[in-house]
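Everything in the sequence shown is counted per this note's numbering, starting at 749 for the first residue and increasing by one.
No lab work stands behind these hints: they were computed from the structure.
Since this is a predicted model, take the numbers as computed values, not measurements.
Just so it is clear, CB atoms sit at the ideal spot from N, CA and C, and this is done for glycine as well.
Among the clues, some could well be false.
[As the list claims (entries may be wrong)] Each pair of labels, with its calculated beta carbon distance range:
| no. | residue 1 | residue 2 | range |
| --- | --- | --- | --- |
| 1 | G789 | V875 | 30 to 36 Å |
| 2 | S903 | S830 | 19 to 25 Å |
| 3 | I882 | G789 | 24 to 30 Å |
| 4 | E772 | L883 | 21 to 27 Å |
| 5 | F834 | D905 | 29 to 35 Å |
| 6 | L877 | E899 | 30 to 36 Å |
| 7 | P858 | G789 | 16 to 22 Å |
| 8 | Q872 | L893 | 28 to 34 Å |
| 9 | K879 | E799 | 38 to 44 Å |
| 10 | T866 | E772 | 25 to 31 Å |
[Claimed, not checked] Pairs of lysine-lysine residues, derived as DSSO-like cross-links and limited to a Cα-Cα distance of at most 30 Å, are as follows:
| no. | residue 1 | residue 2 |
| --- | --- | --- |
| 11 | K812 | K786 |
| 12 | K865 | K814 |
| 13 | K865 | K879 |
| 14 | K786 | K827 |
| 15 | K812 | K827 |
| 16 | K775 | K865 |
| 17 | K812 | K779 |
| 18 | K779 | K814 |
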Amino acid sequence: MGKSQNNQPILRLCVCEGPCSGLEAAKQSAKFLAGRRKNLGFCISDSTISERHAEFSWSGEVYKLKDLGSSNGTFLNGKAVSSGEFVQLSDQDMVRLGLDTLIRVEINPPPSSMDEKTVEEFLQADVELLKQRILRRGDVICQLLRSEASEALQSMDLNGGDAAG
Numbered sequence: 749m750g751k752s753q754n755n756q757p758i759l760r761l762c763v764c765e766g767p768c769s770g771l772e773a774a775k776q777s778a779k780f781l782a783g784r785r786k787n788l789g790f791c792i793s794d795s796t797i798s799e800r801h802a803e804f805s806w807s808g809e810v811y812k813l814k815d816l817g818s819s820n821g822t823f824l825n826g827k828a829v830s831s832g833e834f835v836q837l838s839d840q841d842m843v844r845l846g847l848d849t850l851i852r853v854e855i856n857p858p859p860s861s862m863d864e865k866t867v868e869e870f871l872q873a874d875v876e877l878l879k880q881r882i883l884r885r886g887d888v889i890c891q892l893l894r895s896e897a898s899e900a901l902q903s904m905d906l907n908g909g910d911a912a913g
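Model the full assembly from the supplied sequences, consistent with the hints where possible.
As structure tokens, this is what we get:
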């Protein structure tokens with residue numbers, strides 16, 4: 749493993765909705781693919797996901813996500829990811845692959861960053877990470893709610909206003 753990979757954070761993907769709910773994977777690689785195909789880095793058995801659906805990659809500074817021309821799309825915090833374009837991932841982001849699979853993204857510090865810390869320093873760093881995650885999760889939930897509200901408003905406009913009128 750090269751020096752840059754030792755400093756690379758660990759990307760943890762947790763399926764929280766869909767047919768594979770509970771499935772998790774932790775990766776510290778430059779690039780891996782997600783989809784239905786069994787030989788991929790993250791195989792998800794969901795018929796609404798393409799065989800080669802999305803790519804997760806490390807740019808040297810941040811993790812990124814790219815849709816690989818999937819049939820049912822890739823969404824980051826409720827917003828569609830354009831096919832072939834990379835978007836930056838952040839800790840606690842929510843990624844939807846296809847129609848049913850929702851994945852929570854966790855970006856954890858590399859193990860080497862904890863090696864020389866005292867127990868107190870380790871616990872303080874852990875508390876700070878948890879605080880940041882709670883705040884970030886709140887931001888992501890707000891983004892998802894805004895996206896859903898916007899879609900509902902557009903749907904109402906297309907249907908000629910609200911149903912009560």
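Results for each hint:
no. : hint                      : in the structure
1   : G789 <-> V875: 30 to 36 Å : holds (31 Å)
2   : S903 <-> S830: 19 to 25 Å : holds (22 Å)
3   : I882 <-> G789: 24 to 30 Å : holds (29 Å)
4   : E772 <-> L883: 21 to 27 Å : holds (23 Å)
5   : F834 <-> D905: 29 to 35 Å : holds (32 Å)
6   : L877 <-> E899: 30 to 36 Å : holds (33 Å)
7   : P858 <-> G789: 16 to 22 Å : holds (18 Å)
8   : Q872 <-> L893: 28 to 34 Å : holds (32 Å)
9   : K879 <-> E799: 38 to 44 Å : holds (39 Å)
10  : T866 <-> E772: 25 to 31 Å : holds (29 Å)
11  : K812 <-> K786             : holds (22 Å)
12  : K865 <-> K814             : violated (35 Å)
13  : K865 <-> K879             : holds (19 Å)
14  : K786 <-> K827             : holds (27 Å)
15  : K812 <-> K827             : holds (15 Å)
16  : K775 <-> K865             : holds (23 Å)
17  : K812 <-> K779             : holds (9 Å)
18  : K779 <-> K814             : holds (11 Å)
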